[in-house]
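S.K.: Under the numbering used here, the first residue of the sequence shown carries the number 6, and numbering increases by one thereafter.
Read the hints as simulated data drawn from the structure, not as lab findings. Among the hints, erroneous ones may be present.
With a straight-line cut-off of 25 angstroms between C-alpha atoms, the simulated PhoX-like cross-links for lysine-lysine are [what the hints assert, rightly or not]: (1) Lys273 x Lys91; (2) Lys95 x Lys106; (3) Lys208 x Lys227; (4) Lys227 x Lys217; (5) Lys91 x Lys106; (6) Lys220 x Lys208; (7) Lys208 x Lys95.
Okay, the calculated beta carbon distance ranges per label pair [unchecked claim]: (8) Phe67 x Leu155: 40 to 48 angstroms; (9) Ala216 x Gln164: 49 to 57 angstroms; (10) Ile11 x Asp209: 34 to 42 angstroms; (11) Leu155 x Ser109: 20 to 28 angstroms; (12) Lys8 x Ser171: 42 to 50 angstroms; (13) Lys91 x Glu50: 22 to 30 angstroms; (14) Ser162 x Trp226: 34 to 42 angstroms; (15) Leu143 x Phe79: 44 to 52 angstroms; (16) Lys220 x Gln164: 44 to 52 angstroms; (17) Val78 x Thr30: 34 to 42 angstroms.
Since we're looking at a predicted model, the values are computed, not measured. For every residue, glycine included, the Cβ atom is placed at its ideal position computed from N, Cα and C.
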Amino acid sequence: MIKYIIKRLLLLIPVMLGVSLAVFTLLHFSNGDPARASLGQNASEEAVQAERERLGLNDPFFVQYGHYLENIVFHFDLGESYRSHKPVTKEILDAAPATFKLASLAVTLAVVVGVPIGIVSAIHQYSFFDNIMMIFALIGISMPVFWLGLLLIIFFSVQLGWLPSSGFTHFNQMILPSIALGAQSVAVITRMTRSNMLEVIHKDYIRTAEAKGQKHSVIIWKHALGNALIPIITIIGIQFGQLLGGALMTEVIFSIPGIGRLMVDAIKARDIPIVLGGVLFVAVAFACVNLIVDLLYAFVDPRIKSQYT
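Between the sequences and the hints, there should be enough to build the whole structure, so can you do that?
M.R.: In structure tokens, the structure reads:
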């Protein structure tokens, strides 16, 4: 198990190199001058050139990228924000709790709602309930986050006045963002649970358990769901990783001070270190979530656990 974890962590190195190089390249060759954005539009040309020299922006591309990697590897330093002149690591760590909280609430909502609906839909395949739930699942997958978020604000905040449209400190402020972000995941998990349960409940061992007079609830929750869990756990892990990166639009719409909103503001201001640091943070978080999902397999299926030992 330890060897497997170390191996997976080592595989993060080429992933991070690829992600950092791709993002660094896109930002380097995009329009705009970070030095001008840092000093303001009214700064003199001499001041801008001095700022470019201080930031190393006059160096060749690969020299700049090499310095960036050197600071990360040897100093664990993601650089300094061009806009606020604060360490990027501090800016990201200050914004990360809100993003993790939002993604956690959204994926919890998706699991609590999606898994039971998927199970019931599979048990009552092609019933009225199943057809209605699949229609809602299709609608949920098709709705963009920003569109659903705006609809929720208009209806529950503007029209009814029940819930606030911004902030993320109190529970009532977390309800609308969590629903907006988690709606697609609810639909995905519902469909995945239904399809896997349908595949399992027609197996021979399920019919054997029924023939032996086993309780229907035990057959569904222990035998059927237990053997259908691995694909469901996989999709839950993937959804959580995607929610971490996909929280960007939700944070902007609901004015949540998370990593997504931090990166949007940084992109507007050409604050390259913040954007790079945010992307790397999300990439590492996604990879760690996938590692945790792989380890959960061992607790669900003893056959997989034997491969780790």
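S.K.: Each hint should be assessed against the structure and marked as holding or not.
M.R.: Status of each hint after checking the structure:
no.	hint	verdict
1	Lys273 x Lys91	17 angstroms, holds
2	Lys95 x Lys106	18 angstroms, holds
3	Lys208 x Lys227	14 angstroms, holds
4	Lys227 x Lys217	15 angstroms, holds
5	Lys91 x Lys106	24 angstroms, holds
6	Lys220 x Lys208	17 angstroms, holds
7	Lys208 x Lys95	53 angstroms, violated
8	Phe67 x Leu155: 40 to 48 angstroms	43 angstroms, holds
9	Ala216 x Gln164: 49 to 57 angstroms	55 angstroms, holds
10	Ile11 x Asp209: 34 to 42 angstroms	40 angstroms, holds
11	Leu155 x Ser109: 20 to 28 angstroms	23 angstroms, holds
12	Lys8 x Ser171: 42 to 50 angstroms	47 angstroms, holds
13	Lys91 x Glu50: 22 to 30 angstroms	26 angstroms, holds
14	Ser162 x Trp226: 34 to 42 angstroms	39 angstroms, holds
15	Leu143 x Phe79: 44 to 52 angstroms	51 angstroms, holds
16	Lys220 x Gln164: 44 to 52 angstroms	47 angstroms, holds
17	Val78 x Thr30: 34 to 42 angstroms	19 angstroms, violated
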